[in-house]
Structures are given as C-alpha cells and as structure tokens.
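Same order as they appear, the protein sequences are chains A and B. No gaps in the numbering here: position 91 of the first sequence is 91 in the numbering used here, and each next residue is one more. No gaps in the numbering here: position 32 of the second sequence is 32 in the numbering used here, and each next residue is one more.
Since the hints were made in silico from the structure, they are not lab data. The beta-carbon is built from N, C-alpha and C at its ideal position, and this holds for glycine as well. Worth double-checking, as some hints may not be accurate.
Pulled a few chain A residues facing chain B out of the computed Cβ check, cut under 8 angstroms [as the list claims (entries may be wrong)]: (1) 15; (2) 33; (3) 128.
Over the 10 angstroms line for every Cβ pair with chain A, so calculated as not near, a few chain B residues [said to hold, decoys possible]: (4) 29; (5) 62; (6) 144; (7) 171; (8) 173; (9) 202.
Each chain, written out:
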Amino acid sequence: MSFDFDGANTDGDGFNPNSVTVIEDLIEVQNQGTQSAYLGVDLSDLTISDGSGNEAGIELAASIPDDGSTTGQTGSADDELAANIAFQGSGNAVGNATSPSSYELDVGEAVHLDLTVDTTNFDNSDVSTTGTVAFIADQTSSL
Amino acid sequence: MDRRQLLAGLAALAAGGGAATGTGAFTSVNADRDVAVEVADDASAYLQIFPSGSQPNAQFASQDPDEGVFFDFNGSPQDVDGVGSGQSSVYEFRDVVRVENAGTQNAFISIDSLTIDLTDDDGSPGDEGSALVEFYVHETAEDPSTDLQVIDGSNADLVAPVGEQRAIGVRIDTNEEGTYGDIEADVSANGGSDTTTLVADQTASSNNAIDPGLPNPNSVSPP
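Based on the sequences and whatever the hints tell you, model everything.
This is the structure:
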C-alpha cells in the first residue's frame, strides 16, 4: 500500500495552500492477530515544507463513532475523536490532536483513520515531497 | 477548524486495505509505507478556486499563486473608471470566481459573509457604518432572473459535483446611511479581520443545498 496525494489519481494536482484538508476514512487497520495491540503511527519521516521553512501539519487520527462511552464526550464523532486520538508528525498540531498517542486495538477490531493536512502557514505552493509513514503495532504502548 | 484562514476542507474517500495485518500471533509490527504529497496552487488543487476567466466580473478577483484568490472592489486594480461601490446601494457582481471540485466526491461549499467597517475621510474605520459582503449563486446558473441564494452555510450551500465548475457572485450592500470614504477589504487568505472562510464538506451546513448547474460558459480557464 502506498499513498498518492500528488494528483496521480484525480484532476486536482494536490492539497490547497492556506487551507485545512480532511480526508475521512482514508484507511482501515484491523488487528487480525491473537492479542490486543497498541497501534501508533510515526509521521516523522514525512515532512511537507513550503521551501521557506514552514511545515504543514499532518495528522492521522482514529475515527471512533461516538457511542457515549467516553466520560464527558457527547454529540459528534469529532468529540469522541478528541478523546481517543491520534498520531501526528513533527509539524503543527492540527485537528483535535493534543499529543501523540496510541490506540489499543482489540483482537478483530478495526479502526478507520482520517488524514488532516494543514497548510495555513504556507508561503508557497507548487511544492511536492515524498516520505514514509510507519505503522507500529506492539504489545506495549510506546507513546 | 481555524476559521480565520481561507479554509478548504475536502473530505474524500480512498478505500484501503489493512495497513498492518497478519494472520497469526505477533509481538510487534513496524510497517513503513510510501507517501507522495503535493501542495498545488488554488487553480489546480483538489478544490480549485480562481477568477472567472474572461467573464467581465472576473476582474474583481485576482489570484496570488501562493496566497489564493482575493477580491478587490475598491477600483484600484481594475480597468474600470469607478473607484468603489456607491453608498446606500446593493451591488451584485455575477460570476466573479469559479470553483471546481477536482477531488473524488461531491461536496457542499459555503463562504462566510463579511461585515466590513467602512473607512471615513479621516481614516477611522467603523465611524460611518459598514458594508455587507455576501457570496451567492442563482438557483439556475444560466437564468439570473431566478432567486439569488447567499451561500453562507446558513441560508444555503452550493453543491459542487466532481469535475464541474460552479460560478459564484458577490453582493455588496452599503445600505447604511453615512459619509463614506474608501471601502477596502482584503479578502485574501493572509489573515486579518477581513478574511473570509470557504468550506467544502461532505455534508451541507444548511438545509438548503443549491445546485444551479453549469454556468455559461460551462468551463473557463484561470486568467
């Protein structure tokens, strides 16, 4: 699996500058092992820069439907998202993420991840980059 | 969301398989996956926003490749003799900018209306009233006699199908009495109190989703 946000599969060439773009339900991660695992995503090898020292904020967040189980969280899925989150890169904090965290994935459980890219501090457009995202599943939480 | 900046949120669906999957016991999995990313200018990005080509009112919008579209109705950059909107008036400028959804799913677009303090002769903003700036479509794009709908996400949202352009107009209401000086508004994406926000989302903010259809001409290129 790879991710292409460079216009290879759409009419648009890429993300808008000076904007926040959310791509919901980008991928699904399912634990098909025999034990629960802590899922984390390391975005440190993916940097989107405008060439003038400004970096885009990048976040992959677990999208958890709001079932009312989280104390103090009511209403939209975003509320639940804020409580459970999220794995963000070295750029600006975006979306509802407050700090990198891992998500405990039970056996058989699937989680959907939303991608948020924040280019509001960009001074230049027409920039491209490549990098990697590391998906980490471990018996212990590293975050 | 930070609504101080021009914001284009385009939710899209890209189905994918399991990123870290297996069929047996594991203690740890670390899987690197490649990512290619581009940030394009507004005229070629996933949500394209640009002045309406050779349409007459396109000259009231300009495009900075790095900052995006900005609107200017103070007369200074256009090839027109007038220098601004008249007082106690409502001006409608059809087809100033076009939007084109170059993503993967249809979207609903809204743009915040602005109330801009007017600058009087001594340069003090707000002393002499304000101007209301709204962004609108007609219910049928090719028929300006149809009702005008302000797409502020409260009154209405604009339907933006994948691959099609939609024309957006600007209405300026200076109905307050007063001695006006210059009306200046930088509706760019640089921030400041005169910046508006465009939102493209999978769900409409209002209960009034308007699809005016293709404008005439159906498609224009950025100037």
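Results of checking the hints against the structure:
1. Among the interface hints, the one on residue 15(A) holds; its C-beta lies about 5 angstroms from the nearest C-beta in chain B, closer than the 8 angstroms criterion.
2. With 8 angstroms as the threshold, the beta carbon of residue 33(A) comes within range of chain B, its nearest partner Cβ sitting at about 5 angstroms, so the hint holds.
3. The criterion of a C-beta within 8 angstroms of any C-beta in chain B is met by residue 128(A), whose closest approach is roughly 4 angstroms, and the hint holds.
4. The non-interface label for residue 29(B) is inconsistent with chain A: the shortest C-beta to C-beta separation is roughly 4 angstroms, within 10 angstroms.
5. Residue 62(B), annotated as away from the interface, keeps every beta carbon of chain A farther than 10 angstroms; the closest lies near 15 angstroms.
6. Every Cβ of chain A is farther than 10 angstroms from the Cβ of residue 144(B); the closest lies at roughly 28 angstroms, confirming the non-interface assignment.
7. Against the 10 angstroms criterion, residue 171(B) stays outside the reach of chain A, whose nearest CB is about 24 angstroms from its own CB.
8. Distance check on residue 173(B): its Cβ is at least 27 angstroms (rounded) from any Cβ of chain A, clearing the 10 angstroms threshold; non-interface status holds.
9. Chain A draws residue 202(B) into its interface by the beta-carbon criterion, the shortest separation being 7 angstroms against a cut-off of 10 angstroms.
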